[in-house]
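Using the sequences and the accompanying hints, generate a full structural model.
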Amino acid sequence: MSKILVLAEHDGHQLKIASRQAVTAAQAFNGGVDLLVVGADTAAVAASAAQVAGVARVLRADAAHLAHPLAEDVAALVLSIAGEYDVILAGHSHFSKNVLPRVAALLDVAMPSDVIEIQANNTYVRPIYAGNALLTIQSQDPKQVLTVRGTRFKAAVAGANVSGAVAEIATVAVPAATGAARWVSEEKNVGDRPELGEAPVVVSGGRSLGERFEEVLGPLADKLHGALGATRAAVDAGFAPNDLQVGQTGTIVAPDLYIAVGVSGAAQHLAGIKDSKVIVAINHDPDAPIFNVADYGLVADLFETIPALVKALG
Amino acid sequence: MKILVPVKRVVDHHVTISVKPDGSDVDIAGVKMAINPFDEIAVEEALRLKESGQATEVVAISIGTAASQDVLRHALAMGADRAILLETDAELQPLGVAKLLKAIADRETPQLLIVGKQAIDGDAGQVGQMLAALLGIGQATFASTLKIADGEVEVAREVEGGIETVAIKLPAVVTADLRLNEPRFVKLPNLMMAKKKPIETIAAADLGVDFTPRLKRLSVAEPQARAAGVKLNSVEELVAKLKNEAGVL
Ligand SMILES: Cc1cc2nc3c(=O)[nH]c(=O)nc-3n(C[C@H](O)[C@H](O)[C@H](O)COP(=O)(O)OP(=O)(O)OC[C@H]3O[C@@H](n4cnc5c(N)ncnc54)[C@H](O)[C@@H]3O)c2cc1C
Ligand SMILES: Cc1cc2nc3c(=O)[nH]c(=O)nc-3n(C[C@H](O)[C@H](O)[C@H](O)COP(=O)(O)OP(=O)(O)OC[C@H]3O[C@@H](n4cnc5c(N)ncnc54)[C@H](O)[C@@H]3O)c2cc1C
Numbered sequence: 001m002s003k004i005l006v007l008a009e010h011d012g013h014q015l016k017i018a019s020r021q022a023v024t025a026a027q028a029f030n031g032g033v034d035l036l037v038v039g040a041d042t043a044a045v046a047a048s049a050a051q052v053a054g055v056a057r058v059l060r061a062d063a064a065h066l067a068h069p070l071a072e073d074v075a076a077l078v079l080s081i082a083g084e085y086d087v088i089l090a091g092h093s094h095f096s097k098n099v100l101p102r103v104a105a106l107l108d109v110a111m112p113s114d115v116i117e118i119q120a121n122n123t124y125v126r127p128i129y130a131g132n133a134l135l136t137i138q139s140q141d142p143k144q145v146l147t148v149r150g151t152r153f154k155a156a157v158a159g160a161n162v163s164g165a166v167a168e169i170a171t172v173a174v175p176a177a178t179g180a181a182r183w184v185s186e187e188k189n190v191g192d193r194p195e196l197g198e199a200p201v202v203v204s205g206g207r208s209l210g211e212r213f214e215e216v217l218g219p220l221a222d223k224l225h226g227a228l229g230a231t232r233a234a235v236d237a238g239f240a241p242n243d244l245q246v247g248q249t250g251t252i253v254a255p256d257l258y259i260a261v262g263v264s265g266a267a268q269h270l271a272g273i274k275d276s277k278v279i280v281a282i283n284h285d286p287d288a289p290i291f292n293v294a295d296y297g298l299v300a301d302l303f304e305t306i307p308a309l310v311k312a313l314g
Numbered sequence: 315m316k317i318l319v320p321v322k323r324v325v326d327h328h329v330t331i332s333v334k335p336d337g338s339d340v341d342i343a344g345v346k347m348a349i350n351p352f353d354e355i356a357v358e359e360a361l362r363l364k365e366s367g368q369a370t371e372v373v374a375i376s377i378g379t380a381a382s383q384d385v386l387r388h389a390l391a392m393g394a395d396r397a398i399l400l401e402t403d404a405e406l407q408p409l410g411v412a413k414l415l416k417a418i419a420d421r422e423t424p425q426l427l428i429v430g431k432q433a434i435d436g437d438a439g440q441v442g443q444m445l446a447a448l449l450g451i452g453q454a455t456f457a458s459t460l461k462i463a464d465g466e467v468e469v470a471r472e473v474e475g476g477i478e479t480v481a482i483k484l485p486a487v488v489t490a491d492l493r494l495n496e497p498r499f500v501k502l503p504n505l506m507m508a509k510k511k512p513i514e515t516i517a518a519a520d521l522g523v524d525f526t527p528r529l530k531r532l533s534v535a536e537p538q539a540r541a542a543g544v545k546l547n548s549v550e551e552l553v554a555k556l557k558n559e560a561g562v563l
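If you're matching them up, the sequences are chains E and Z in order.
To convert, note that position 120 of the first sequence is 120 in our numbering; the numbers rise steadily by one, no gaps.
To convert, note that position 131 of the second sequence is 445 in our numbering; the numbers rise steadily by one, no gaps.
What the hints contain is simulated information worked out from the structure, not anything from laboratory work.
In this text, a Cβ means the ideal position worked out from N, Cα and C, and glycines have one as well.
No false leads were slipped in.
Restricting the straight-line Cα-Cα distance to at most 27 Å, the calculated cross-link-like pairs of lysine-lysine (DSS-like) are:
id : chain 1 : residue 1 : chain 2 : residue 2
1  : Z       : K530      : E       : K3
2  : Z       : K461      : E       : K188
3  : Z       : K316      : Z       : K511
4  : E       : K154      : E       : K143
5  : Z       : K545      : E       : K277
Restraint-style ranges between C-beta atoms, simulated for each label pair:
id : chain 1 : residue 1 : chain 2 : residue 2 : range
6  : E       : K188      : Z       : K557      : 33 to 39 Å
7  : E       : A47       : Z       : E536      : 42 to 48 Å
8  : E       : V157      : Z       : R540      : 27 to 33 Å
9  : E       : K3        : Z       : A554      : 49 to 55 Å
10 : Z       : K346      : E       : A47       : 53 to 59 Å
11 : E       : E211      : Z       : L505      : 35 to 41 Å
12 : E       : N292      : Z       : A380      : 34 to 40 Å
13 : E       : D11       : Z       : G465      : 30 to 36 Å
14 : Z       : A554      : E       : E211      : 30 to 36 Å
15 : Z       : R531      : E       : F303      : 46 to 52 Å
16 : E       : K154      : Z       : A560      : 17 to 23 Å
17 : Z       : P512      : E       : A170      : 56 to 62 Å
Facing chain E, from chain Z, some residues (calculated, C-beta under 10 Å):
id : residue
18 : H327
19 : S332
20 : F352
21 : Q432
22 : I434
23 : A447
24 : G450
25 : G452
26 : E468
27 : D491
28 : E496
29 : L532
30 : E536
31 : V549
32 : V553
Put into structure tokens, the structure is as follows:
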């Protein structure tokens with residue numbers, strides 16, 4: 001039986017959905033799944049993580065220098081316990097993308113990233129060329145290090161170990177800070193909207209929204225309790241914050257409902273939305289490529305349509 | 315301060331690639347190739363550091379066949395001082411690329427290595443982090459601004475929900491994100507001049523590095539296409555469809 005380590009991400013209270021999706025992906029390896037929780041004080045997170053279905057053991061790595069975990073330090077931590085595991089896996093987030101290639105290189109193994117399907121015998125499917133092709137690869141390495149595209153795996157249920165089977169919580173020794181890097185500051189876009197990668201509804205806008213991006217799209221996102229997203233062109237022009245970029249080189253989303261407003265539908269953008277359950281496109285150009293992937297389309301001016309839509313939603 | 319910038323030759327981002335009928339690979343025969351857009355941003359950032367007097371030399375390096383001279387010439391035309399081609403026609407994967415780059419970094423001893431955050435063909439997004447790990451130095455990925463001060467590089471990183479700023483001791487690896495800068499337009503005379511500049515060519519196999527692929531390619535397939543849906547006539551019709559047909563409201 002193989003031993004699997006999932007590198008978790010959390011908000012200080014509970015696991016991110018991406019980590020619960022990674023727990024589900026980990027079950028494909030048929031082994032015991034340990035969850036590594038990193039932070040300055042992970043007591044609360046560990047307690048809630050211990051109730052996630054499919055988790056055998058929660059490992060707490062607490063240290064002052066992990067309050068804002070840096071790639072160098074987290075990689076050193078993972079390496080210090082890597083010997084016990086056959087598989088090390090995480091969601092394909094900025095955090096894991098930063099850490100796991102370091103781990104893989106130091107273990108001298110290749111790393112399949114953004115895996116959408118795990119098959120038998122260390123075989124994986126992953127998108128390449130902005131999702132225009134799917135590559136199936138088989139790892140030849142003794143240890144597997146990989147990231148998975150969360151939206152392809154159903155999140156393991158939180159608080160599902162109701163049968164009383166709460167996972168064991170253990171503490172791991174944390175190596176000293178490497179000193180190679182130092183955390184300086186962070187600027188998070190505060191607000192009540194859900195995180196882009198986790199939201200069940202995403203309202204996305206293109207560059208045509210101009211300075212009125214938030215004014216026009218904000219009310220629609222709020223009405224639907226959704227997140228805002230944007231094209232690269234809208235972000236580059238400064239109409240939307242950087243972290244709202246959806247696509248091949250931004251965030252990949254797969255909400256129940258994706259509403260693309262004044263978005264042309266470039267290949268790089270489509271790469272990030274193709275797994276959405278329902279796509280709605282609103283664009284005044286009937287030939288815009290976005291209509292080729294949209295379930296429902298409205299050929300209309302967005303500045304008139306969006307306020308009308310907000311109103312029609314009651 | 316010397317800066318090393320790895321540049322990769324990839325299929326131009328305007329091209330929509332297709333898969334070979336036998337499912338063995340993507341079909342890129344005859345398509346337009348270009349410098350990986352993130353690497354062009356990396357070269358631009360290195361040049362700006364040089365132009366502002368913070369760097370002394372910008373060295374571009376590419377791994378691949380002789381055809382990769384194109385992208386090195388592009389980097390030279392932008393203003394890079396030197397170019398190195400690690401020549402091989404073998405299949406490359408991120409770990410192997412990182413090992414080869416480490417061998418060159420050991421020789422060139424740059425203080426800063428600016429790498430693209432991802433190559434738009436393989437979309438792996440690993441080389442920079444692997445290279446930093448192999449060199450035993452720090453890294454700042456997804457850079458949207460970069461500043462050198464007091465033996466450190468301070469980088470604002472694009473992460474979920476906003477920006478995180480970190481400071482990394484030099485030497486360091488930085489991976490370039492889209493908003494780091496807007497690369498300069500390469501003028502034709504510069505491109506002509508760059509054609510005459512020498513490119514140092516080293517056989518990758520001579521570096522004593524094992525870069526054999528570890529991931530065996532089994533097949534390449536077209537993804538399932540999403541079917542186009544219907545165009546509706548009014549906002550009311552849309553709301554009704556979303557409620558009653560799609561059940562997402
Ligand atoms: C390396 C690289 C990576 C990239 N990564 C990404 C990525 O991750 N995500 C991404 O999105 N892009 C990415 N791009 C950019 C991508 O190629 C497109 O340029 C971009 O998605 C276009 O954005 P847009 O739809 O806002 O703008 P445009 O293509 O200019 O389209 C604007 C659309 O708005 C419509 N419109 C205008 N006015 C109105 C109106 N009043 N009412 C209704 N409709 C209107 C127009 O008909 C048009 O279809 C990348 C590009 C490169 C080179
Ligand atoms: C189906 C398929 C078939 C392929 N077949 C071949 C093949 O036959 N021959 C072949 O050469 N490659 C081939 N490749 C590409 C090769 O696998 C990738 O180049 C390699 O895996 C590196 O991954 P990446 O470029 O996605 O890395 P990333 O980690 O995304 O790259 C990040 C950065 O690393 C640097 N970098 C990456 N590669 C190079 C390089 N070669 N030179 C300089 N800097 C670099 C750049 O700065 C780049 O921005 C193939 C890829 C696929 C998907």
